[in-house]
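Participant: Spelled out, the chains give:
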Amino acid sequence: MNGQTQAGGILGRLDLQALPFTQAIAHPGASELIASGAAAIVVLGAIATLAAITRFGLWGAFWRGWLTSTDHKRIGIMYIVLALVMLARGVLEGAVMRAQQAFGLGGGFLSSDHFSQLFSTHGTIMIFFVAMPLIAGVINYVMPLQIGARDVSFPVMNQISLGLTATGAALLMASLVVGKFSTGGWTAYPPYTEAAFNPGPGPDYWIWAIVIAGVGSTLSGINFAVTIYKERAPGMTMFRMPLFCWTALCTAILLIFALPPLTVASLMLALDRYLDFHFFTNDLGGNMMNYVNLFWLFGHPEVYLLILPAFGVYSEVIATFSGKTLYGYTSLVVATMAISVLSFSVWLHHFFTMGQGANVNIAFGIATMLIGVPTGVKIYDWMATMFRGRIRMTTPMVFSSGFLILFVIGGLSGIILANPTIDFQVHNSLFLVAHFHNVLIPGVLFGMLAGYNYWFPKAFGFRLNERWGRISALLWIFGFSFTFLPLYFVGLMGMPRRTLSYSEPLFQPYMQVALFGAFLLVAALAALGVQLWLSIRQRDQRRVFAGDPWNGRTLEWATAAPPPEYNFAVLPVVAHRDAFAVAKENGRAYLVPERYEDITMPRNTSLGVVMMLASTALGFALVWYIWWLAALAAIAIPVALIARSFDPDTHRTIPAAEIARENRAWLDAVANTKAITRGDEDTARNTGRAAPEWEGATP
Amino acid sequence: MIRQTMRHPGLNLGRDHGQAHDHVETIVFGFWVFMMSDLIIFGLMFATYATMQGSTAGGPGPVELFDIKSAFFQTMLLLVSSLTFGGASLAMRHHMGAGRITLWLVVTFALGGGFLALELRDFAAMIGQGAGPWRSGYLSAFFGLVPLHGLHVSAGMIWIVVMIVQIRVFGLVPAVKTRLLRLALFWHFLDLIWIGIFSVVYLGGLA
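Protein sequences appear in the order of chains A and B.
Using the numbering used here, the letters of the first sequence map in sequence onto residues 1 to 699.
Using the numbering used here, the letters of the second sequence map in sequence onto residues 1001 to 1207.
The set of hints was computed from the structure by calculation and includes no laboratory data.
It is possible that some hints are incorrect.
Simulated DEER-style distance windows between Cβ atoms [what the hints assert, rightly or not]:
{"hint": "1", "chain 1": "B", "residue 1": "Met1036", "chain 2": "A", "residue 2": "Phe646", "range": "22 to 30 Å"}
{"hint": "2", "chain 1": "A", "residue 1": "Leu412", "chain 2": "B", "residue 2": "Gly1054", "range": "41 to 49 Å"}
{"hint": "3", "chain 1": "A", "residue 1": "Pro496", "chain 2": "B", "residue 2": "Ile1127", "range": "40 to 48 Å"}
SDA-like mimics (lysine to any residue), calculated; alpha carbons at most 25 Å apart, straight line [as the list claims (entries may be wrong)]:
{"hint": "4", "chain 1": "A", "residue 1": "Lys230", "chain 2": "B", "residue 2": "Phe1189"}
{"hint": "5", "chain 1": "A", "residue 1": "Lys230", "chain 2": "B", "residue 2": "Ala1175"}
{"hint": "6", "chain 1": "A", "residue 1": "Lys674", "chain 2": "A", "residue 2": "Arg390"}
{"hint": "7", "chain 1": "A", "residue 1": "Lys230", "chain 2": "B", "residue 2": "Ile1027"}
Given the structure is predicted, the values throughout are model-derived calculations rather than measurements.
Quick reminder that beta carbons are idealized off the backbone N, C-alpha and C, glycines included.
Throw the hints in and build the complete structure from the sequences for me.
Facilitator: Right, here's the structure in full:
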């Protein structure tokens, strides 16, 4: 054990110096003021939220309806709320970095340490606490509805997954207020992150946020895969599933196999730091290349497990808003599968320059280029779906169009980077930064925001404001373009990534354009907020209780908006792909079931909250060497799980009569509402019942 | 119907082999998937061990450190414990009653405990010679892999205790039976991992 890990009293190595406010008073400078300002926002935001819940007496509703809920829909929504809060922080951090580089010619206003923390937290947050919860949230909400299930296979484990993800996010937020986060980038490469060079709490915050959230994601993967294999409605064969479910399945499989390398790598780093192991140290036989291989063995499948659900969303959105069945369904499934398999064979392209031979590099270079083929197939399939469709340029379609154009640019720059000889020239430059933002923002983020606009009316029963949605979508598209396309050029000119300041005046105009883009992105974020605010205020004119505001094609649109807890009063029997579109065409939608049966649903449980609190305490205690608290929390976790296994009363039954009453009331309301044509989609007349479309719209 | 009764023939969940078995099928499948993920973790630890075999940094290697006799006894204890868990599974299948199942579980627990005691004795001896994980990359890889298995065995033993209590509290209800089935899978899985450790770490190291 290190001498250091033994230090400290009841609060370990935690003292007043860890607070940014103390730092700002002791050494007031731009960096310290920004850091304490950000910390103040976190603290005030948390206090304001808690105060608002108390003020409006919502603790009971919040506890019973949300925190203890095992409903996949509630859990999905909580994931997305978490992701959007973290997105706000990530975007603002990005904007601060852009500002620093715009004024970075020979200086700037941030300290190098602060800048390093910014790019480390920005990357960690955007990947693990924005992109991951967004996909987990959307899959959670949509997938069980699409396959005609009542819930995921393991609802309580689902709640625990959410709790563990929230723990990771909480640790990142805590690092803003108590102590400092890692300066080692989102990949936390040793030996820089080893105790020898970085003894402070920063890398420990990174490790425990990643390990705990990673366990949650692995459990999510297991849950999603089992749900898709075992909970499909009668007749819903694999090849009748909506494409989004296929992408969810592939993502789940990737989560199951790709998260363990991350867990292993970060725990080994923890062993190095806490117990003086030598996995990755410079001395005594440690080998940092093991870390790099393990990390990217996770890291590359990770980017595909993020993008695949976004591809699934585009497939749903483009088919629905083109009024056509999806073109090339089978080829899209095969392409999705091919991408999943290939994603495990390309990890080495993240470190072409780190000492392998040319033959190894080129093998991985070729594998990387191959992965562009199935992705290209998908792009053509989506364009063919739009071809001769009756396209409605709704917000999700604006996002999808932006995606189709921009993602191709990002994909092609990836093919360029896949060539090791070129990679040697531009690696570690802003060209790379431009590339991965170019696939992650137009790919993952646009997809998730398209999905948010598309499924919001299903989740809350009213449509989002279209005008502000389109404004926001355009701001995202142009904000992205102005921020990141210039980085390709400065990258080619040789500007390295993660640079605090530079002495080459040629870079500066590009950096200023990028800063302008960053303003647009902050405006895009604000527009999302305005859209949500206005939509909530206008919700009474936007109600779509009948549940089908977009003339949807898949099963999630066949139930009320918002759907009842049990999703479907009677489980649907599926005979076709695009099951709901076919049902509407044949006049078999909204039929009154002959009989209803009792439905058994899991009871609420506080286990997820207990796990979240215990694992947050565990992570925080380990970061600050508060050993008694760590031991307490480490015991509390298995004790809580075992105690739960002694609870025999985990389910409750909803009587058939109650279901019949609710379902008949909804069906009556649907029968009494007027079906609208697509021209009235964005008007108050859209109550969620669609008039039949044109011939050829269904398979 | 035949297909459904074939699914988990050892469980005897009751007269209706329909819904109860469908539900169990989901739970057991989920557990298999979890074990796949866990297997990846072990696989990566094995790979790390393989790459760090030369990284002894001038410190002791397998020949100086390993006591093959002790490792062999550990192997035997664990293999026999798998057999005795099989006894518990058979007792469950043939309705031999809670007492017989509990007895087999107690024997399994004792064998697991014997395994852990020997393993800890070996670790203590290594650390006594100054060959702890801080000595070299090789020993870090060793102490990353072998105790990870030991931690799994400890978790399995806690699980056995919980199941013995649950058999007493609830009797042999379906929930308890499916937990026993999963515990059995887990225990045999750990046996398999140990075969890998014995072959790669101990036999491979001394060969």
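Participant: Against each hint, give a clear statement of whether it holds in the structure.
Facilitator: Quick rundown of the hints versus the structure:
no.: 1; hint: B:Met1036 <-> A:Phe646: 22 to 30 Å; in the structure: holds (28 Å)
no.: 2; hint: A:Leu412 <-> B:Gly1054: 41 to 49 Å; in the structure: holds (42 Å)
no.: 3; hint: A:Pro496 <-> B:Ile1127: 40 to 48 Å; in the structure: holds (45 Å)
no.: 4; hint: A:Lys230 <-> B:Phe1189; in the structure: holds (23 Å)
no.: 5; hint: A:Lys230 <-> B:Ala1175; in the structure: holds (19 Å)
no.: 6; hint: A:Lys674 <-> A:Arg390; in the structure: holds (22 Å)
no.: 7; hint: A:Lys230 <-> B:Ile1027; in the structure: holds (10 Å)
Consistency with the previously given hints is maintained throughout, with no hint failing.
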